[in-house]
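**Student:** The lines below spell out each chain.
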Amino acid sequence: MNFIEEFRSSQSGRTLLEYINKRSTKPARFMEFCGGHTVAIFRYGIRQLLPPHIEMLSGPGCPVCVTSTADLDKVIALSRLPGVIICSFGDLLRVPSSRQSLLEVRAEGADVRIVYSTMDALEIARQNPLKKVIFVGIGFETTAPTIAASVIQARNQGLANYYVMSIHKITPPVMRAILDAGETRLSGIICPGHVSSITGSNAWEFIPEEYHLACAVSGFESLDILYCVKSLVDQVEDATPRLDVSYSRAVKPEGNTAALKIMDEVFDICPANWRGIGILPQSGLCLRPEFAAFDAEKNFEIKLSEPSRETPGCLCGEIIKGTRTPLECKLFSKVCTPENPVGPCMVSSEGTCAAYYHYGGKLG
Amino acid sequence: MDKTKILLAHGSGGRLTHDLITKHLVQSLSNPLLNKLDDAAVFESKGKTAFTTDSYVVNPIFFPGGNIGKLAVCGTVNDLSVMGAIPKYLSLAFIIEEGLDISALEEIIKSIAAAAKEAGVEIVTGDTKVVNTGKADKIFINTAGVGFIPEGLDISGANARPDDAVIVSGTMGDHGIAIMAQREGLNFKTAVESDCAPLNGLITDMLKVCPRIHVMRDPTRGGLATTLNEIAGQSQVGIELNEESIPVKPAVGGACEALGLDPLYVANEGKIIAIMPEKDAPAVLSAMKAHPYGKDSAIIGRVISPNPGRVSIRTPLGALRILDMQSGELLPRIC
Numbered sequence: 001m002n003f004i005e006e007f008r009s010s011q012s013g014r015t016l017l018e019y020i021n022k023r024s025t026k027p028a029r030f031m032e033f034c035g036g037h038t039v040a041i042f043r044y045g046i047r048q049l050l051p052p053h054i055e056m057l058s059g060p061g062c063p064v065c066v067t068s069t070a071d072l073d074k075v076i077a078l079s080r081l082p083g084v085i086i087c088s089f090g091d092l093l094r095v096p097s098s099r100q101s102l103l104e105v106r107a108e109g110a111d112v113r114i115v116y117s118t119m120d121a122l123e124i125a126r127q128n129p130l131k132k133v134i135f136v137g138i139g140f141e142t143t144a145p146t147i148a149a150s151v152i153q154a155r156n157q158g159l160a161n162y163y164v165m166s167i168h169k170i171t172p173p174v175m176r177a178i179l180d181a182g183e184t185r186l187s188g189i190i191c192p193g194h195v196s197s198i199t200g201s202n203a204w205e206f207i208p209e210e211y212h213l214a215c216a217v218s219g220f221e222s223l224d225i226l227y228c229v230k231s232l233v234d235q236v237e238d239a240t241p242r243l244d245v246s247y248s249r250a251v252k253p254e255g256n257t258a259a260l261k262i263m264d265e266v267f268d269i270c271p272a273n274w275r276g277i278g279i280l281p282q283s284g285l286c287l288r289p290e291f292a293a294f295d296a297e298k299n300f301e302i303k304l305s306e307p308s309r310e311t312p313g314c315l316c317g318e319i320i321k322g323t324r325t326p327l328e329c330k331l332f333s334k335v336c337t338p339e340n341p342v343g344p345c346m347v348s349s350e351g352t353c354a355a356y357y358h359y360g361g362k363l364g
Numbered sequence: 001m002d003k004t005k006i007l008l009a010h011g012s013g014g015r016l017t018h019d020l021i022t023k024h025l026v027q028s029l030s031n032p033l034l035n036k037l038d039d040a041a042v043f044e045s046k047g048k049t050a051f052t053t054d055s056y057v058v059n060p061i062f063f064p065g066g067n068i069g070k071l072a073v074c075g076t077v078n079d080l081s082v083m084g085a086i087p088k089y090l091s092l093a094f095i096i097e098e099g100l101d102i103s104a105l106e107e108i109i110k111s112i113a114a115a116a117k118e119a120g121v122e123i124v125t126g127d128t129k130v131v132n133t134g135k136a137d138k139i140f141i142n143t144a145g146v147g148f149i150p151e152g153l154d155i156s157g158a159n160a161r162p163d164d165a166v167i168v169s170g171t172m173g174d175h176g177i178a179i180m181a182q183r184e185g186l187n188f189k190t191a192v193e194s195d196c197a198p199l200n201g202l203i204t205d206m207l208k209v210c211p212r213i214h215v216m217r218d219p220t221r222g223g224l225a226t227t228l229n230e231i232a233g234q235s236q237v238g239i240e241l242n243e244e245s246i247p248v249k250p251a252v253g254g255a256c257e258a259l260g261l262d263p264l265y266v267a268n269e270g271k272i273i274a275i276m277p278e279k280d281a282p283a284v285l286s287a288m289k290a291h292p293y294g295k296d297s298a299i300i301g302r303v304i305s306p307n308p309g310r311v312s313i314r315t316p317l318g319a320l321r322i323l324d325m326q327s328g329e330l331l332p333r334i335c
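Taken in sequence, the protein lines are chains Y and Z. Note that UniProt numbering numbers the first sequence so that position 39 is 39, with each residue one more than the last. Note that UniProt numbering numbers the second sequence so that position 11 is 11, with each residue one more than the last.
Just so you know, not all the hints are guaranteed correct.
Below, in silico cross-link-like pairs of lysine-lysine (DSS-like), each with a Cα-Cα straight-line distance of 30 Å or less [claimed, not checked]:
hint	chain 1	residue 1	chain 2	residue 2
1	Z	K88	Z	K23
2	Y	K132	Z	K135
3	Z	K23	Z	K5
4	Z	K36	Z	K208
5	Z	K129	Z	K36
6	Z	K36	Z	K88
7	Y	K131	Z	K5
8	Z	K135	Y	K131
9	Z	K117	Z	K279
Hint data in this document are derived by calculation from the structure and do not stem from the laboratory. Given the structure is predicted, the values throughout are model-derived calculations rather than measurements.
Could you put together the complete structure from these sequences and hints?
**Tutor:** Here it is in structure tokens:
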């Protein structure tokens, strides 16, 4: 047994499934907020083992998928500036903006690099003192502390050529926006694991308290998810919504206070543009004025040649809200495939469309 | 003149080129055909001959468990071996970036010699070019190989038949994770080494107990999942795997978990997939387990008639899902 196998035991998994199938009588609709959960649910084949009256919906929890086209257009414009090196995490490079992806501008000669941590981007800045290195800060509360740390380190080391383009988003406001919209009648929510390890599970208390919905924070192994589904089923059957945590090995009620402190030191809360949802107040992170010297938006003139535009027919915006599934999208698997992605939900390895495409095929 | 670095003049065809070839290459890789230094190696062949080529552009060029030179020999030896051929002769072509340390080149050539010796192959012809700084990434290697196929073997990706067993020769994803960890400076608690190895010895032992093996492939880029999808397509059969039977080292599984990758899509350089009639599988499996490169071998699934061209996998929870081909580059997750 090791730290993974313990949470993948097939025998325990089957016992949980048996319990869920016996206990669940009421139709229920659960949303997994996080893209990592969507992929895990498909990868373990959990959907097909749940009772047919339990519907699993995928939510907005993929940082790439919720990045608006307008923000991507700004990043592309930055990548075309002379003497600039753009650094970002993996999947973002493949997402089409209004016209091009970062991979395409790289093929045209722009200096765009994939990094695995912000410290790599700092190193690139140190090694290229005559260039301006812009780190595209994408992600939720999980990645924001490391980016905040990089800004502090750049300041402490006197690095004058390191900038952050912050398109970070924070998660509780978007959860509220989806619940307030009321377009998806949910019975319960599987709350994100990695995000909660930073924010703490307390961040989700409003779900049972204000919306009277079942809720549980989950890890990413099969047993984590099944424990969560079991908890949600119990809460629905007993009509006792509460906040449950099946990922206590990583998530504390108060979260990671050191990470939250550093985030707070560097970032202010500001409005953010969410794909498919629009601008939500108090849902993004931007650099505080005292770190303006590291803020790409404040130090570069970003000129967009044309207004941003979404690809006609792409349902990514609806899919991240859980109001439509990829199977309802006319482009899915025909025009839009992992090799030729039209929208970000197909690009991202944690995107709902990619999960449906890779794992959702029917076996005869 | 810096005598520790490769210079453009090493590729000019003049004295430095001659010195590089005679001092570094011929001395280490010496054999009668190469030593002649003619424009082509001349040898006799009879029967079915297998011929393959591959180029190696790996970054970094040195990694835990090997380097680009060992990889170049093993890759070509394995491509011949999985066709049932006994690898015999290799060509070796270098494209070197000006400025490469000569000591690095020596180290690479030493590994090439060692891997060729282990595989029982001879490097009989070659080429060296040097390009300006920035026009190549340290060193690129191309190898081509010739091998001879013994009478009676018929191994091809198109030969999988319903009810055949699917065996792998060991743990999946070691090479890809070793490279990724080294390249990106990722430190995991347990170091992962590349599985890079010549497999012709193991394959000879397998064919001894079962010359009826239908398919053999080395699951390199794209990993197990992509290779099996190719076989399912070539043979127009379905393949059903049992996820719990597929060997993965805990360190590789842990690294994949942290990076958001699936080990079934991660590259291997010293593993074989073998597909054969079910009744032959136990004998082949025990022959594999008896060889050092096959000690972790396992039967991981079977060939089926339904769902031709598709690979499915039974998850530990009992669900059956599609195991698709890899699309695009493997990229670690963001959060």
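**Student:** Confirm or reject each hint.
**Tutor:** The hints, checked one at a time:
1. Z/K88 / Z/K23: holds, 24 Å
2. Y/K132 / Z/K135: holds, 24 Å
3. Z/K23 / Z/K5: Holds, at roughly 15 Å.
4. Z/K36 / Z/K208: violated, 36 Å
5. Z/K129 / Z/K36: holds, 20 Å
6. Z/K36 / Z/K88: holds, 18 Å
7. Y/K131 / Z/K5: Roughly 28 Å between the alpha carbons, so the hint for Y/K131 and Z/K5 holds.
8. Z/K135 / Y/K131: Judged against 30 Å, a Cα distance of about 21 Å means the pair holds.
9. Z/K117 / Z/K279: Violated, at about 35 Å.
In summary, the structure is inconsistent with hints 4 and 9 from the numbered list given earlier, while agreeing with the others.
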